[in-house]
Amino acid sequence: MRGRAGAAAWAVAAAAAAALPLAVKNSFFLHVCILVLLWTALGEAWNVLGGYAGQVSFGHAALFGFGAYVTAILYLKAGVAPWWGIPLGGAAAAAVSVPTGLIAFRLRGPYFSLATLAVAELAKLVALNWEWATNGPTGFLITSLPPLTLFGFAVNWESKAPFYLAALALAAVSMGAAAALSRSRLGAFLVAIRENEDAAEAVGIDTVRAKVLTLALSGLLAGMGGGLYAFYFRYIDPDAVLNIGISMEMVFIAVVGGLGTVAGPLVGAVFLTAVGEAVRERFQVGHLVFYGLFMMLVIRYLPEGIWGRARGLAARAGEVRRGAARG
Amino acid sequence: MGALYAMIGIGLTIVFGVMRIINLAHGEMVMLGMFAAFFSQKLWGFDPFLSILVWAPVMFAAGVLVYRFLLRKILPGGELNTLLYTAGLSLLVANLALLAFSGDYRTITLQYAVAPMRPLGIAVPVALAIGFGVAVVLTLALWLFLGRTDLGRAIRATSQNREAAVLMGIDVERVAAVSFGLGTALAGAAGVLLAPSLYLYPTVGELVIVKSFVIVVLGGLGSVPGAIAGGLLLGTVESLGAVYVSSTYKDGLGYVIFLAVLLYRPSGIFGVGKS
Amino acid sequence: MALLEVEGLTRFFGGLRAVGDLSFAVREGEILGLIGPNGAGKTTVFNLVTGFLRPSRGEVRLDGRSVAGRKPHAVARRGIARTFQIVKPFPGLSVKENVTLAAFLRHRRRAGAEEAALAVLDRLGLSQRAATRAGELTLMEQKRLEMARALATEPRVLLLDEPMGGLNPSEVDVASELVDGIRRSGVTVVLVEHVMKAIMRISDRVLVMHHGEKIAEGPPAEVVRDPAVISAYFGQGRA
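Just so you know, the sequences run in chain order E, L and A. Just so we're aligned: 233 in the working numbering is position 233 of the first sequence, and the numbers increase by one with no gaps anywhere. In short: position in the second sequence from 1, add 1000, done, that's the working numbering. In short: position in the third sequence from 1, add 2000, done, that's the working numbering.
Keep in mind that the hints were calculated from the coordinates and are not lab data. Treat each hint with caution, since some may be false.
Claimed, not checked - Some chain A residues near chain E, calculated using beta-carbon distances under 8 Å:
id: 1; residue: Gly2014
id: 2; residue: Val2067
id: 3; residue: Ala2068
id: 4; residue: Gly2069
id: 5; residue: Lys2071
id: 6; residue: Leu2105
Said to hold, decoys possible - What follows is a list of derived Cβ distance ranges for each label pair:
id: 7; chain 1: E; residue 1: Arg309; chain 2: A; residue 2: Arg2109; range: 32 to 42 Å
id: 8; chain 1: L; residue 1: Thr1149; chain 2: E; residue 2: Arg108; range: 48 to 58 Å
id: 9; chain 1: E; residue 1: Arg309; chain 2: A; residue 2: Val2174; range: 39 to 49 Å
id: 10; chain 1: A; residue 1: Gly2166; chain 2: L; residue 2: Phe1039; range: 51 to 61 Å
id: 11; chain 1: L; residue 1: Lys1042; chain 2: E; residue 2: Glu158; range: 10 to 20 Å
id: 12; chain 1: A; residue 1: Phe2013; chain 2: E; residue 2: Ala9; range: 50 to 60 Å
id: 13; chain 1: E; residue 1: Arg309; chain 2: A; residue 2: Met2140; range: 31 to 41 Å
Ideal Cβ positions, reconstructed from N, Cα and C, are used throughout, including at glycine.
Sequences and hints are given; from them, build the entire structure.
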């Protein structure tokens, strides 16, 4: 859906989504929704680098975890409220991603991906060992959230609603950022880099700068996701926020949903998270089994992802209709 | 330990060398080997080390099947797609294992391996020593296979120059299937050998895969002697690191070296790898 | 002062000297042909001049300012563009988008870039194919796309790496005309080519390389008779 009609449709959907907690009170359902929205944001964060620029990172958990820790530490040690802390966590992750990117982007393709794996593992080790900063394996526990009144109502942190709205906001911001990127000059450059990096350099595109900027955006979004996670789950430790599973989930959501599309991560998150949580309820462990299965199915049969394929079909259907109308 | 790392590394590097596949599911194959040994001991009383004779061929067959039916269709999609596909496979297998075996940690106890041996006054766990010995034997056998047999030479040829191999009449598809089977068998065998010495749990693959890549990159992607050297090197660095630095930093050391090699000597420390 | 100057350019790969102490100058508005047997180092020279490789030693100057060792995008910005021997289109993108991306170097806004891109496509006879995916073009069209993309960066010097490779004789004539047309539009050209007919026809001067060194330089007719050149191509005892 393009242009004004498309934007209007999204606005309506967002408004409807925002009103959801008024209608639905089921705690588990809202919890799943929060997860879906959080993973949408994380998926968008990854997709910006992986889908648009074609740089597959297996280490994004490091950015997520960094944001989570910064936000938690700012709150617990300096009393910085979440609504400042989360963006700051994101900014911190973005900042730390720049030097990392400058080094890592010297590598291409699978070498880059392997390097991101190593960086993420290193981040986890640092978190485990630098106890003076991160409390090591003990992690941080957030026992209470600051009191807040909005529009005359005291926010009840025990209910899911405020977190749902925060997650919705984050997802909306992420999708908006991805959309803006895809229409911008930087977005076009990223596509060029993805299609053929040498050629992109040859026509004057500063590929390192483009990739680093994109990584910073990706870090900002992932870091904010981390901050939100910290306040929602109220407990973070290296294994929870810096483990390779989180990196993989981000990859999977973006790929299954649709690489390089704005709505792809949303579709991927809905699909995978819903299925994953259902499995987790039933079996407690192994909830990622469908992630693996769907990833394999998608790569084999739907390389453009679920949303990508849907868009392709819609476009073809549109052509057929136009052809029939003309003929 | 280094020798076992080396075995895992060899499997991974052969698969990369012949087919340019970076198999992220390699760690899960080691895990399956470990669990196979565990269950064959628990259910049928097989000695884990002897059970290699059963499990290695089984893993080989499994590898060939995975290649034939799953991977082959994906390869034309490019390196990246294949990478993602193996990532999916890795997650699938690990989680199926979680569902089947539960996440509990398990161990294998061997009657004859309780007390450590003490050659030259250094305490060496018996299980690890036997594992090392078998690994060395297997690696030697593999070396002979690659060097002396026609099939082994075909594998090396395809790894060096696929187009030329095709032109020489080598059935590259068969070589690929065999290589993948071999890689899987090596991983599984290493898992069997490791089982008595480590905690077994379904997600151990995560740990293994990262180390495997460190080894393979250190030694040069695609190079079998490199993988051997890399495995031994990593094993030594970790052991020494654990003694002299601290056991937590030893892992970090491996990653730092890995990144350094990737950045500055992508063809491995010895310069024999391919990009 | 020549537009493009190369001085003492040298590049080692480990122990192998791919380019050795190469010096030449390209005058504004001329077409310089660069020939030599396979492995002489011609593409390496291009890579060195355009920043895809760093020189081990030596200097490259455009309009008197050094460009040696800069990254390719910076070199493109300065005004040296290139095509690749094996074409590197952006396969999933349309022809128009391919060229527009290059035009962004000189036009910040999309509208301006697209306009410039369409103009270049027109000059190179690719307007009909503007909406086609680059991956679906014929070889000749892809070569033209390479040139169009390079030209969209509005270079002072254009380095063409074997643009005639794989073309049949009538296509070679068309391509030669194109290259000449590019020169007439004010772009200086350095051309690596194996197709002698083309080189002889359109080059003002020719430079011959062998084993990474310059062995002859001058007008095409002279160079072709140079004994060193003949023995490089055909071996000793034929001059």
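So, going through the hints one by one against the coordinates:
1. Violation of the interface hint for Gly2014/A is found here, the shortest Cβ-Cβ separation to chain E being roughly 20 Å, above the 8 Å cut-off.
2. The beta carbon of Val2067/A is not positioned within 8 Å of any beta carbon in chain E (closest approach about 13 Å), and the interface hint is therefore violated.
3. The criterion of a C-beta within 8 Å of any C-beta in chain E is not met by Ala2068/A, whose closest approach is roughly 16 Å, and the hint is violated.
4. Proximity of Gly2069/A to chain E is violated relative to the hint, the smallest CB-CB distance being about 14 Å (cut-off 8 Å).
5. A least Cβ separation of about 7 Å between Lys2071/A and chain E falls short of the 8 Å threshold, and the interface hint therefore holds.
6. Among the interface hints, the one on Leu2105/A holds; its C-beta lies about 4 Å from the nearest C-beta in chain E, closer than the 8 Å criterion.
7. Hint check: Arg309/E to Arg2109/A, Cβ distance near 33 Å, so the stated range 32 to 42 Å holds.
8. The beta-carbon spacing between Thr1149/L and Arg108/E, approximately 36 Å, falls outside the hinted interval of 48 to 58 Å.
9. Here the CB-CB span from Arg309/E to Val2174/A is close to 41 Å, well matched to the stated 39 to 49 Å.
10. The supplied range of 51 to 61 Å is met by Gly2166/A and Phe1039/L, whose beta-carbon atoms lie about 59 Å from each other.
11. Remark: the range hint 10 to 20 Å for Lys1042/L to Glu158/E is contradicted by a beta-carbon distance near 46 Å.
12. Between Phe2013/A and Ala9/E the CB atoms are about 57 Å apart, so this pair conforms to the stated range of 50 to 60 Å.
13. Under the hint 31 to 41 Å, the C-beta atoms of Arg309/E and Met2140/A, about 34 Å apart, fit the expected range.
Checked against the numbered hints above, the structure violates hints 1, 2, 3, 4, 8, 11; every other hint is satisfied.
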